[in-house]
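Undergrad: Chain by chain, the residues:
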Amino acid sequence: MSAAEPDPHTTPPSRSLRWREPERERSPAAADVSSWLADAARLLAMARRLGVENTETRALQRRLVADLVLNVQRHGPLHLDVTPRSIVMGDDTVFAADHSNAPTGERGLERELSWILHRDGLRALKLEKGLTEAEAATFLDVLLLAAPGDATDEDLVTMLWESAFAHVGTVTEEANVVRLNPLTGRPGSAGGPAPVGSAPLVDDWPVVQAPAMDAKRLWASLRQNEAQAGPAFREAWARERSEPFAAAAEALVLAALRDDARPEMLEALAASVVTWTATAVQRSEWEEARGAHELLKRLDPSGRLSAESLTAALGSLDAHAITERLDEADVREQARLFAFVVRVGAPALSLLMSVLADSGRSRVRAGATTALTYAFADDPSPLGTWLTDPRWHVVRNIVFVLGQIGGGEVVPYLAVAARHIDARVRRAAIHALGQVPHHLRRSVLLTQLDTGDGRILTASLAMLAREPDARVTEAILTRVRSPEFESRPEEHRVALLSSLADVASDQALPALEELLLRGGWFAKRSAERTAAARAIVRLATPPAREVLEQGLHHRSEAVREACDEALSQWGRT
Amino acid sequence: MTGPSPILHPDDDPRLEIALQLASRFWQLVKSARAYSVGHVTYTSQLESYLTLLSTALEKEGAVRFDAPDGELCMNGEQLPDRANMQKALESLAHEFAARTLEGIEFTRGLSLGELETFMSYFLPGERWKGLELVAACDDAGLVHARALPLRVAAEPLGAGSLPESSAEAAANLPPAWRALLAGARALLEGDAMDQGIELRHVKRMLRELIDAVLAGERLVPVLAEVTPRESAWSHAAHTTLLSLYVGARLGLTRHELAHLAVAALLHDAGHGWGEAGGPEMVEEHREPAPHTREGLRRVAWSTTLNRTSLGALRATLEHHIPASGEAEGLEVSLQTQIVSMCDAYTTLLARGDALEPKLSPNSALVRVIGTWQERWHPALMVALVRVLGVYPPGQFVELDDGSIARATGPDVNDPERPWIERVADMRGVPILPGQRKAEPLPAQHFVTRALPRSEWPQARSRRSAA
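Residue numbers (our numbering), protein chains in the order written: chain Z, 1 to 573; chain D, 1001 to 1467.
Errors might be hidden in some of the hints.
[Unchecked claim] A few chain D residues that face chain Z, going by a derived Cβ cut-off under 8 Å, partial list only:
id, residue
1, Glu1231
2, Ala1233
3, Leu1314
Hints listed in this document are in silico derivations from the structure and should not be mistaken for laboratory results.
Idealized CB from N, CA, C, for every residue including glycine.
Isolated chain Z, as found in the complex (with noise of 0.2 Å):
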C-alpha cells in the first residue's frame, strides 16, 4: 500500500460516521447485544402496553434473562455507553431509538430503552462475567418498574444501586438535590422569604430532672434483652412495611387532622393526596386511584382546595401510555378508568380526551364517551374548551357527547362546531341539534341553509321542517328569492323548494309559482319547476290548486307537463 493510500482499517475521525457504513460487519459481540437489546426494547413496549404481569410479558422477560447471561458470558465484559438516543459498544451503535431524531420533549422518544437508561442520570453500564441469573432478573425487574417514570420516588439508578449487584456497575450522573432557580442559578425563589434552615437548631426536647444514671448499667440491662429485642424488631418492622400505602396514607391523613383541621393543614394534605391520585392514574392503578380520591373527597368535599391542582396533575400525566395499556385491557379495567373519570369529573376531562384521541380501540372510544356523557351531564362548559383542538375527531366526539347530553346547555358549543371548518364536524353538530329543543337549536340551523354541504343543508332543513314557522318559512324563501339561488347545486335547490312546502302555506305560492312558471316560452324541464310544482301540491290549498290549473294552460309544454303531473298526486301526499 502506498503512503497516499488511506488505511480502510483506521478509525474514522467521527464515529457517527461510522454508523453510517452499512457494509462494515459488527462483531458478534456487537451483534448479540444489538439483538438483545433491540428485544429488551420489545420487552419495554409489551409491558408497557399489557403490563408487566402479563404472561407474555414475562415469558419474553425470562427469554432476556437467559439470553443476558449467556451474552455476558460469552462476551463479557460488557461496557455500554448510553446517550439518551443510542446505546454504543465501544465502536458499534447497539441501539439506536426509531425515534432518534425525534425532537427533545416528544414523548415518543421518552419510551426508547436509550433514553430511560439516560434519564435518571445512568451513562454507562457494565456487565462483568460471572453475572447471575438472579441478577439479570432483577437488572431487568428495575428496568421495567423505572420504565414508565411514574415512580416519584425512585428511579432507575437508585434501584439498581439498591439491588447491590456484584456484576453489574453503573457509571452515573448527579442532579442538583433541589431546583435552581433559572434566574438566579441558585436554590430557592429569588426574593423569597428569609433563610430558616440556616437558623440555629430548635432545642425541642424537654428538660430532664432526673438523677444521673450509669450507662454501664443500662447497657448491662439493655444487653440481657437484646437476643429478643432484635427479632422482635425484625418481626414488627416487617409488619409495618407490609402495611398497605393507601391504608397508611389515609391514616396518616386522618390523623394530621385530628387535632388540626386549620385550612392551611387541609390544602397541604390535599395537594398532597393530589399527587398520589395522579401518580396512581399513571401507573393505572384505577383502584388505588379510586381510593386516593376519595380520601381526597374527604378532605375537600367541594373541590375547593384541589379542583385547580388536580386538573394541572391529570392534565401533565403521559396519557398516551395510560391509553395504550387501556386499549389492551379487559372490559373491567376499562370500565374501572371510567368509573373514575365520572366520580373526578372536569378535572379528568383532559385525560379522557386523550384517551378519546388516542385510542385506537371503538370499545375504549365508545367507553369513553360515554363516560364524558355521564361526567358532564349536569355543565358540559368544560367540553366546550375542546371544541378548539386541532384534530377533527376530537371536537366531533366531543360534538357527539354534547348531543348526548343534549339540552339548552349544549347549544352554544353546537353553534360553534356548527361553524367548524371540518365539515364531519359540522354534520355531528346538526345531528346534535336533534337533541335540543327545536327553538333553542332554530338559529342555529337556519346559518346553515347557505352551507355548500348538501347533506347538512337536507339535514337542517329536516330538522326545521319538524315545527314549522314564520322565521323559518321567511328563511327558505328569502334564499330562493335571491339571486344566489340560481347559482346553487340542483339538489340544493330542490331540498330548499321541497322543505318550503312543509313549513310554508299561502305566503310561499307566488316564489313556488314564479319558480314553475319560470323560462315562459323556452322554459325547459327542470328537476326544479317539478319540485316548486310538487311543493305547491303539498300546500294542498285552493289557491295552490288554481295556480297549478293555470300552468296547465301555459304555453310552455314544460310547465304544463309539471303542473299535469303534480296535479295527479293531488290528494295524494
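Please arrange chain D on chain Z, whose structure you already have, making use of the hints.
TA: Just chain D now, kept in the frame of chain Z:
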C-alpha cells in the same frame, strides 16, 4: 432622639450607624490587644466601654452577628455601608474572620464582661486557635453569649463542583460521604429551596454515598463529637441522619430501607420556624404558632409527592416527639420514626447549650436517651444505639485505669464498653499536644474507669486552674 444623626445619609437606616460603630470598635479592640494583654486594666476598661455600646444593640436585636459571607462585612445579615473613615477597619475585620477560618462571631443578649473577656482571650491568639478548634474551645469554656461561628461547608451540586476556596480548608478534613451529606442537607434545608418542591428520588441519590459508607463500616461516628451548641438546623439534620443510618444498619435494614430512613431523618425537623418564617401561609399574629411537628408535616406535604418515602418522612415529622407507647395523634408511632426520634433526641441533647440546662456530655446525653426516655423507643433501637455509639460516645472524655485521660472517638465493633480513644493527658496529667494525639483502640490491658462529667473535662480544668 429628636432628629436624624448628622453623620448619616438621609436615606441610611440609623441602625447601620450603630452597626458601623460596633464593627469598627471591635476591630479597635483586636488592635488594642497588641499593646495590652487581656486582663490588663486598660483593656478591661475598653471592653467595658464596648459592652455598653453592644448592650444597646443586644437589647433591641437580641443578637449581634458579624460575618463576611462574600468578603463584605455584615451585621445580622445586612451588609454594612461604605464609610471612608471606617472602610479599613471593616475590611480588616472581614480578613480576620477569613484568616481564622471562621464564618464570623456572634454576641447574644445576656453577655457579661467576664464572658466577653474570656471570649477575647480565645479569639485574639489567632495563631493558637482557628476555625473549629476555636469554636470548640469557646464551647468548652462554657461561653454561651459570645461565640465564634464555624465556617459553613458550602452546599455544592452533587457529583460536581467544588467548595469555595475559603471553606476548602475546613472541608478538606471531612470524609467525602459526610461532606456530601452536609452539602446536600444545607442545599435542601437552608432558605426556601425545599419549598420550590423536591423529588425524594433525588434526595435518595444524594444519600447513596453515605449509606454505602455506613454499610461498608466506615468510621464516621466520630463526627458526632463535633456537634456544637446552636449548630444550624441543616447540620443537626445531617447529624441525625448519620446516626439514624448507623442505627438502621445495625438493625439489619437493607439499602432500600436505609434510604427511606435517611430521608425521614433529614426532613424530621423541617417544620421549625417554617410557618413563622413565611411558609405558604404565614402564621397570623393573633394565633399561636402550630407545633413544628405539624408545620413539618405541612411543609413536607407541600414540597413532595405522596409516596412511600414521603409518607415515612411525613410520619417522622409528625410523630417524632410522641412517646412510642402513646397514640397522642391517633397514630401508633412507626419504628422508622422511633429511630429518627431517638437519634434526634441524642443529637439535640449533644447540642444543648446552657440556655435550658448545663451543657451535657455525650455520656449524659446517652443516659437520658436509653435511661430516662427508654419507654419512648423499641428496646432493640437502644441496643443498636449503644452498639453504634458505645457506652462512651464519641467526644466523651474518660479516665483510664492508669489515670490517663482520653477522648472517646467511637466504640469497638464488638464491645461497646471499650471505645477507640485519643489520649489527651498522660497518667501524670500532662497534656498531650493535639498534633501528637491519635485515635486507637483501647489497649487490651487497659479499661475505662469512669466517664468524666463535663466539669472535669481537660479544657474546663485548665480554665479553672488559670483562674
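Undergrad: Give me the numbers of the hints this structure contradicts, sorted from smallest to largest.
TA: Per hint list: zero violations.
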